[in-house]
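Protein chains in written order, with the working numbering: chain A, 20 to 437; chain B, 85 to 518.
Wrong hints could be hidden among the right ones.
Stated by the list, open to error - Here are the simulated BS3-like pairs of lysine-lysine, each with C-alpha atoms no more than 27 Å apart in a straight line: (1) B:Lys397 / B:Lys408; (2) B:Lys348 / A:Lys411; (3) B:Lys440 / A:Lys128; (4) B:Lys397 / A:Lys128; (5) A:Lys133 / A:Lys284; (6) B:Lys198 / A:Lys124; (7) A:Lys62 / B:Lys198; (8) A:Lys61 / A:Lys133; (9) A:Lys128 / A:Lys62; (10) A:Lys128 / A:Lys61; (11) B:Lys348 / B:Lys285; (12) A:Lys62 / A:Lys123; (13) B:Lys348 / B:Lys440; (14) A:Lys61 / B:Lys198; (15) A:Lys62 / A:Lys255; (16) A:Lys62 / A:Lys124; (17) B:Lys440 / B:Lys397; (18) A:Lys255 / A:Lys61.
To be verified - Listed below are several chain A residues computed to face chain B (Cβ distance under 10 Å; list not exhaustive): (19) Ala97; (20) Lys284; (21) Thr288.
Unchecked claim - Which stretches of chain A does chain B cover? Using the computed rule of at least three CB atoms under 8 Å from a CB of chain B, they are: (22) 73-84; (23) 123-135; (24) 230-243; (25) 309-315.
Calculated from the structure, these hints are not laboratory results.
Glycine residues also receive a C-beta, built at the ideal position from the N, C-alpha and C atoms.
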Amino acid sequence: MGSKYPPSMRRCLPLWTLVLEAALIVIFFFFTSYDTSSQDPKKLAGTFRVLQDVTIMVALGFGFLNSSLRRYGWSSVAFNLFLLALGVQWAVLMDGFLEQSFRKKVVIKLSSIKLATMSAMSVLISAGAVLGKANLLQLTLMALVEVTVFVTMRMIDRQYLSMDSHLSMMHIHVFATYFGLMVAWSLSRCLNKMVMEEKNQTAKSSSLFAMLGTLFLWMFWPSFNSALLDVPKERKNAVFNTYYALAASAVTAISMSALARPRGKINMTHIHNAILAGGVAVGPSCHLITTPWLAMLLGFMAGLISIGGALCLPASFNHVLGIHDTCGVHYTFGLPGLLGGIAYILLIIYEVSWIKKSVISYQLFIGAGTLSLAMASGLIAGVLTGLVLNLKICKAPHAAKYFDDQAFWEFPHLAIGF
Amino acid sequence: MKLSFPFTAIVLEISMIVLFGFFVKYETEQNAIQQQLNITNSTKVDRSLELHPLFRDVHVMIFAGFGFLMTFLRKYGFSSVGINLLIAALGLQWGTFIQGILHHHGQTIYIGIKNMINADFSTATVLISFGAVLGKISPAQMLIMTIIEIAVFAGNEYVVGEIFQASDIGASMTIHAFGAYFGLAVAGVLYRPDLRRGHEKEESVYHSDLFAMIGTLFLWMFWPSFNSAIAETTEQQYMAIINTYFSLVACVLTAYAFSSLVGKRGKLDMVHIQNATLAGGVAVGTCADMEIHPYGAMIIGSIAGIVSVLGFKFLTPCLTDKLKIHDTCGVHNLHGLPGVVGGLASIVAIVFRASKASSVVMQAAALGSSLGTAIVGGLITGLILRFFVCGLSSTEFFFDDSVYWEVLYSVKNVNDDYTSESFAHLKPQSLFAS
């Protein structure tokens, strides 16, 4: 009978969380300070707006995007908030340390919180792939590792491959997807079919909750794509292009979903994921595209790829490799992210070829290098993290308790059969 | 219900219009007058427009945040969101008027965005008190309570701000602690013995708790705006945003940890997550614009999260049993205790010389004045509501939407279907079914 109950979290979760928070407070005490330079009211208000938009995306958008599982809504939303809070604190520190290389105190500006929130988003994307298969302690570990690796990767991108901040951030989708998939791979090996079929399904009302999250993500995606651009003109381009790419991908996704199904019915799960694909795909090149039709074309292709992935991947790819991707992260963020990376390389080559032929190979090398760096570091770090998470210390839930809120939550009012 | 509620509401709205007609004018008219007197004051309007995004954030918190936070009751979702909207709409008109009258000493009030933010703040006190009496009070009683509470709040705020000159930028004491203790006092007067054993309708279902989570997230996201909205200088605003942000993130971690610590077998409790994660924002309010450094804000947030969870676990049952105060939403743990923590934190911060704006004595006086006014005002309001305004006749109408709302389908059946469909696995027989 013992295995039917999930292991008690009382000993480990509070202890580790409190130790972690205490450690964070101590580190903040020694290594952080306010920004004492005088503040420009217009600039502060502008940065705060963007920070607010990004926070809405990560807290509300990602929280509810993943709440489509029938019995896992509470955990999706609440674990998301927890991971966000942890990820931001850690990312502020990591960003500050790596940027200023341990010499002086980390100056906390609004823009550094904005950057940290965006870095913490990588954890939330990966959490979509492992959703329902890990407990809070495992997710905490995953968040710490993932933020560290991601911030380090961005530092390498910037310092050694001379990428700008915006571009290295836009590889977040590819990185986080493959990280999450690898963790899910190591966690889902003992997943049996019965559990999956019984619990891994959506209900009507929770599908609506997921739609709430999707819509918030969709509305605020232009802010995300333009958040790290400083030149006003590039920023304007980014907003416009993202806007049109999202519109194109939404139309494509809905129509392709109807086309792919017998009797032309639309699948809600496809809509949740595929309408965001345009925003992901246009990310890396959104400040370079000068005409809307190019962005719309990119959005259209992203919608196609995403729907195609939603139809083919679960049956073939995931089944063969034994990866269980709960929320379809691979076709929501991964494939459109790859498309975006390739589109960026093509665009750069096209632009450069007007000026000089000799730089093409260099640009090609750099572009392909960063994209594959993001993918490779995601894969490797994901495998390693997955191995660690399978250790006994983490008190992983039994596979029969996957996708079930009951393992983590008290239901005083619903305890009928238990 | 058929006569009293529409009558009260319409009379109140007409008197609002009359009062506004006599006393309230736009800020632009004031500028026009000053320009005639050759005083250039165009920067004021610019500043006013800069505040608009902050106002919008506070507005979202009041209507969406507080509204959905209270939707956790199984049969009381319509009323939570609907009456929340009603009293917020009435409260911000009355708040604009009464605050203006107090600060302008009875002369014409020129309103700008800042007045709108302050009016929204005064509404927040009523919404907090509404959480304590949720489900046990009729809409007509709620309207009367709104009018009295905002008047008392404005008086207390005037005393704290103008006479004591205390610093309370995020209004932990004047809004949160005040609103919570006012609501508790009213709930204490309106207590019915039947509530002691627990009410059959006072429970949540799976999806009503998820709806409440929407409210929590909206409040959580916009709390930095709430605490920084009325900051005077840009430096203070920057400080308030950073401090609130770090207090909130630290509070989330400790709230989860303690929820797991006090739960059975280390399980989390949704009620704690919905409420205690916000306690950090409340507690840091008073000293948000002081130089407490991020770590100081994180310490305040952590303490608030712990206090809030422990309050839910141990204090709320005790309040109901011993003191006969039934607190539906647990506002004492979300706003009351963290508000007091905020007041104490500001005293400690001033002792450590984080701010020169106020003194220890004045902060303590402000805290005492807020609590005292709230409890006395709440008791009197409760007596008025109990004996002069018609309320709910029996406890069987408590926590039930169908008393006030036209529910086209039978609420009972829908909820039962809902539960059995979504939770087939919880019933024993379904374990053996295919």
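### Message
Checking one constraint from the list: CA of lysine 397 (chain B) to CA of lysine 408 (chain B), max 27 Å. Satisfied?
### Response
Given that 27 Å is the threshold and the Cα spacing comes to 17 Å, the pair holds.
#### Entry: Interface hint status, alanine 97 (chain A) versus chain B (Cβ within 10 Å)
5 Å, holds
### Query
If you take the shortest Cβ to Cβ gap from lysine 284 (chain A) to chain B, is it below 10 Å?
Violated, about 21 Å.
### Task
Quickly compare the C-alpha distance for lysine 61 (chain A) and lysine 198 (chain B) to 27 Å and report which way the hint goes.
With Cα atoms ~17 Å apart, lysine 61 (chain A) and lysine 198 (chain B) stay inside 27 Å; holds.
### Query
Quick check: the region 123-135 of chain A, covered by chain B? Criterion 3+ residues, Cβ under 8 Å.
It holds, with 3 qualifying residues against the three required.
### Query
Counting residues of the region 309-315 of chain A with a beta carbon closer than 8 Å to any beta carbon of chain B, are there 3 or more?
Violated - the region 309-315 of chain A has 0 residues with a Cβ nearer than 8 Å to chain B, which falls short of three.
### Task
For the pair we were handed, lysine 128 (chain A) and lysine 62 (chain A), check the Cα-Cα distance against 27 Å.
12 Å, holds
### Query
Are the Cα atoms of lysine 440 (chain B) and lysine 397 (chain B) separated by 27 Å or less?
38 Å, violated
#### Entry: Interface hint outcome for threonine 288 (chain A) [beta carbon to chain B under 10 Å]
Where the cut-off is 10 Å and the nearest Cβ of chain B is about 18 Å from threonine 288 (chain A), the hint is violated.
#### Entry: Hinted pair lysine 348 (chain B) and lysine 411 (chain A), Cα distance within 27 Å
With Cα atoms ~21 Å apart, lysine 348 (chain B) and lysine 411 (chain A) stay inside 27 Å; holds.
### Task
Would you check the hint for lysine 440 (chain B) and lysine 128 (chain A), treating anything up to 27 Å between C-alpha atoms as holding?
Holds, at roughly 23 Å.
### Task
Mind checking the alpha carbons of lysine 348 (chain B) and lysine 440 (chain B) for me, to see if they're no more than 27 Å apart?
Measuring from Cα to Cα gives roughly 46 Å; hence the hint is violated.
Violated hints for the displayed structure, listed by number in ascending order: 4, 5, 6, 13, 17, 20, 21, 24 and 25.
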